[in-house]
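Novice: Listed here are the chains, written in short residue letters.
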Amino acid sequence: MSTVERLTVFKTYKLYVGGKFPRSESGRVYEVKKATSAAGAAGKANWLANAPLSSRKDARDAVVAARKAQAGWAGATAYNRGQVLYRVAEMLEGRRDQFVREVADAEGISKSKAAAQVDAAIDRWVWYAGWTDKIAQVVGGANPVAGPYFNLSTPEPTGVVAVLAPQKSSFLGLVSVIAPVIATGNTAVVIASEERPLPALSLGEVLATSDVPGGVVNILSGRTSEIATPLAAHQDVNAIDLTGADGDADLARDLEIAAADNLKRVRRPQAVDTDWTTDPGTDRLTSFLETKTVWHPTGSLGATGSAY
Amino acid sequence: MTFEYAPAPESRSVVDIAPSYGLFIDGEFAEAADGKVFKTISPATEEVLSEVAQAGEADVDRAVKAARKAFEKWSALPGSERAKYLFRIARIIQERSRELAVLETLDNGKPIRETRDADLPLVAAHFFYYAGWADKLDHAGYGPNPEPLGVAGQVIPWNFPLLMLAWKIAPALATGNTVVLKPAETTPLSALFFADICRQAGLPKGVVNILPGYGDTGAALTAHPDVNKVAFTGSTAVGKAIARQVAGTDKKVTLELGGKGANIVFDDAPIDQAVEGIVTGIFFNQGQVCCAGSRLLVQESIQDELLDSLKRRLSTLRLGDPLDKNTDIGAINSAEQLARITALAETGEAEGAERWSPQCELPSTGYWFAPTLFTNVTQAHTIARDEIFGPVLSVLSFRTPEEAVAKANNTQYGLSAGIWTEKGSRILAVANKLRAGVVWANTFNKFDPTSPFGGYKESGFGREGGRHGLEAYLAPSSEASVK
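Those protein sequence lines, which keep their order, are chains F and W.
Residue numbers for the first sequence follow full-length UniProt numbering, so the first one is 1 and each next one is one higher.
Residue numbers for the second sequence follow full-length UniProt numbering, so the first one is 1 and each next one is one higher.
Hints listed in this document are in silico derivations from the structure and should not be mistaken for laboratory results.
For glycine and all other residues, C-beta sits at the position ideal for the given N, C-alpha and C.
Hints may contain errors.
Sample of chain F residues at the chain W side, in silico, Cβ under 10 Å [said to hold, decoys possible]:
#1 Y30
#2 M91
#3 E93
#4 N151
#5 R253
#6 K292
Dumping the calculated DSSO-like pairs for lysine-lysine here, alpha-carbon to alpha-carbon at most 27 Å [as the list claims (entries may be wrong)]:
#7 W:K69 with W:K36
#8 F:K33 with F:K111
#9 W:K433 with F:K68
#10 W:K136 with F:K134
#11 W:K205 with W:K136
#12 F:K11 with F:K113
#13 F:K34 with F:K134
#14 F:K57 with F:K14
#15 F:K68 with W:K205
#16 F:K168 with F:K14
#17 F:K134 with W:K407
#18 W:K73 with W:K84
Ranges of calculated distance between the beta carbons of each label pair, as one might list FRET restraints [as the list claims (entries may be wrong)]:
#19 F:R60 with W:W356: 38 to 46 Å
#20 F:P297 with W:A76: 51 to 59 Å
#21 F:N262 with W:L317: 34 to 42 Å
#22 W:G79 with F:D97: 48 to 56 Å
#23 W:E276 with F:T278: 49 to 57 Å
#24 W:S357 with F:P297: 29 to 37 Å
#25 W:A429 with F:R60: 28 to 36 Å
Just chain W, same shape as in the assembly:
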């Protein structure tokens, strides 16, 4: 049985995208010093949305100088005043959240249901949460009068553009740092709209600077000698390059990198709920999530039953126009990412895994990839080891909890994991053994500003969110106590 849905598109009229945008430096929009620009497109239609200034080294230097100049006054403000700026920002984001949700969906390709119900509420909540910390830092457990580091150079990915911006900027500002942030080249718009929000909030000039650009802009930013703190979310390869780049300096670094999360389903799990969790785990944001549950580990005795249910469920997923409120699966963010996913899926087939996708018509323009399952996957397969960052699930099986844990941990990564079982003691025992920073038991892909997020092993270091998230932006207590 198939259901027919009438189109239910969210209106684009709530957002007004200008034909071009500048860099945001020292409170003003400006062209790049060398005049370079790049186009940002809607991955669902390949339509050009806007032309954006591309920051080069000279612009990085100017932005860092602006942030340095602003740091003196910003860090000297009473925490209660900094807090009020952040509360203002949180409120303006709430007020403009429909506009920002539509913008994000246009620039990123993810369904409006997600930007509206997940990204934007979390963005506002994150600013609201860290606003409250700004005047309570003495009580955060990092010693009396913990001090900010200075200028934070932050580089964020394209999968949750505005949410990643919030994760970076909110704690940095609350603790008294100033910021130069580089959004991803495929999704610069929401960060530039955020610049406008900073102006509306009356944020002092230079406290937040936004530099759209490619990887070389990010590298220039993290390499800048007057940057005190580097925060990066993105691939493990780039994370390692940054770790090498900052070696021997005084720069403090936090890295939030790749993952290959195991979603473990035991034989006593509630199947329907587990299926929903598996779908959320790997098809949320088209699987372009570092903490995705991209490896399904299912106990052998229920494998057939679970896979039947899962395939039935996948057949009901609606792929298409991201602005349609009924859409479950939106567009892949870029042609480059689509090519990467396609290549890895082909490798999966070539190495002998069995590929399955539901009947699924892909739009003729834009970047699309059907939800995909691989069975007969072994731990040696590339698709069981490499992060695909797309809607591709690799299914492996296990017999005992010990085997499940061993397989789950058999990865260079350690970001997330899921456990599905009705047995409480098994949840706790397995959670205890998993080498992962976030463990979702009988749920998956839940986020909250109060909840620390970050990886073990090569998924990076440092935590974002909660009291823990403050540490990345404060001088270590030993240093602070010397001052």
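The following block holds chain F by itself, in its conformation from the complex:
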């Protein structure tokens, strides 16, 4: 009896927009290859998959989906958002092996190193899940104004945030930029790492099964500059995180200039070799928050203010 090796089923990687998995409307794809150092096993093919090469139209569609989802997500209770983010961690834990494989291929690192990245990414979802109902007390509160007024400052989400995911850290870096944006009630249009998009596209599948409402996170793959340019200029995008423009100062500057047109909040790129395993702090959470301050007269009881 001859042994026929079973032919594996390839996955068609697709975008994640509005809770659905479309191909690029342009019909374009591009080849995603193993990081070069990962092709150490000589003779193995470098080709991993054909990823959608998103167009400007895909970017605009993603903004429409993100805007549609924004009010509902911001209006959900912080407790609810926390549970949803925790659910993402639960779903990821179940698909840990898949992500370890994808991260190892994407980044050209060993399985054990990739496992450490994936574990840290899962833990990061848990960290941000816990933040949803705490950040308001940390950054907001009552202000002791010099007059008979109740005065309260509370943080609110900025709105729709375009996120350029880091180019190198395909998964831990990705999670580290998405989770803080949505934890506070923003919705996101995420541009995956240009050369390492597959873990991001797979994350879409996890989000779709984690009670994250469709449109809260939208994930696009393709050329970062091609997708980021229309997003930076888009009048219905409120903020842009330029993390993934790391290593391309000209692109970062051009995007910041375009973003000025409707005064988007801009988070400038950080160092290319950022160590994503360190304690993230609250910096990314607060980058995409607005502070609203509400005043109301307090009045007083009794003419002397002493009667209760």
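Position chain W relative to chain F; hints supplied.
Specialist: Okay, now just chain W, sitting in the frame of chain F:
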């Protein structure tokens, strides 16, 4: 019935304005490198108050260098010592507040009642408030040992000259930064008097530098490569230009820009109080306020009643000599601003809105604009969309709270809003939905140094006031933790 008032002018003798002023750089007053000067006038009388040196690029460079040199020692001072300088400044401002109030009224045109009762007390309070932060920054929530940014280039508007200076300089100094500040070209005097206060307080040379000038001076300052922080209050157009200018640099930016605030009056609102709030909202400082309640949204069922009361109230407003203690409406700050307001009001008429002003005699010299209401205004009208920055109120109506919120938010801006209703849950629900940085419920135009102020959307970013106001002048916590 009309009331006759005897004139009750505040005395000008409490302020001594010199015939000319220099730039204030490195603790000394100096002429501009190119010798340029400009005149500052009283907008109420068009009388020339003084001649002021006009800073050019060379002066900007010299001031930034002075601030850079001063930064080393200033930032290394214990916070408790920096605090004491700021407390000194706060106290000197309190001592000289009548003088400064009269000066501000002369240079700006706003009523003495406002400079005396609002501007100056808030200026002193702001310095007093941030003084207390200087030695408590470790506890402000920006990580341990938060660090200053360096030299702050600050550009301020003419509507609250000294108050905007306080909003900029107090947090900058408390956090250990040094400052180069450009006051507006129509109102440079109070900033130059403040320079004298810095000298009286013994503030080290170069920590505060004041460069009067026009827009090009401001642009040179914000563009200077050795400026680490840019803070601007002014128009949205200039704010966007600054945002483009600093793109790709490491400069930290905060912008406090225009607004088109909605003042929403529901059918259960106490009418008399709402009328007072509407008047405060749009006629305070002749409406030259970025957070003015320039759009009145009134629930249809009470529109007629409210407008009748409002018109009655507007008929009692007294417009005239800003130094008169009974004056409610002072002069418009400049001929240029008056022309802008006039043009927008004419556009309002041309587009079909109905214009109304109370009987109101305007002085024959100076820049004046009568309090003005527009009814039959739709959301498409220019006067419902563009910031007028003058005493002009556009009245729109609504039927449901949802419609009120939709109309209130239908603007590129997001600075302020007002809500008038006796129903607590409605206040909270509406406040929650408004995309605005400051929401006044059953009050309007209240300010306090402890209360963060700043906009959503194209009204800018960053907050001034309160613990939040420190962030603009501190390195981000991620950077600080690396150091």
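Novice: Hint by hint, where does the structure go against what was stated? Just the numbers, ascending.
Specialist: Checked against the structure, the hints that fail are numbers 1, 2, 3, 13, 15, 17, 20, while the rest are satisfied.
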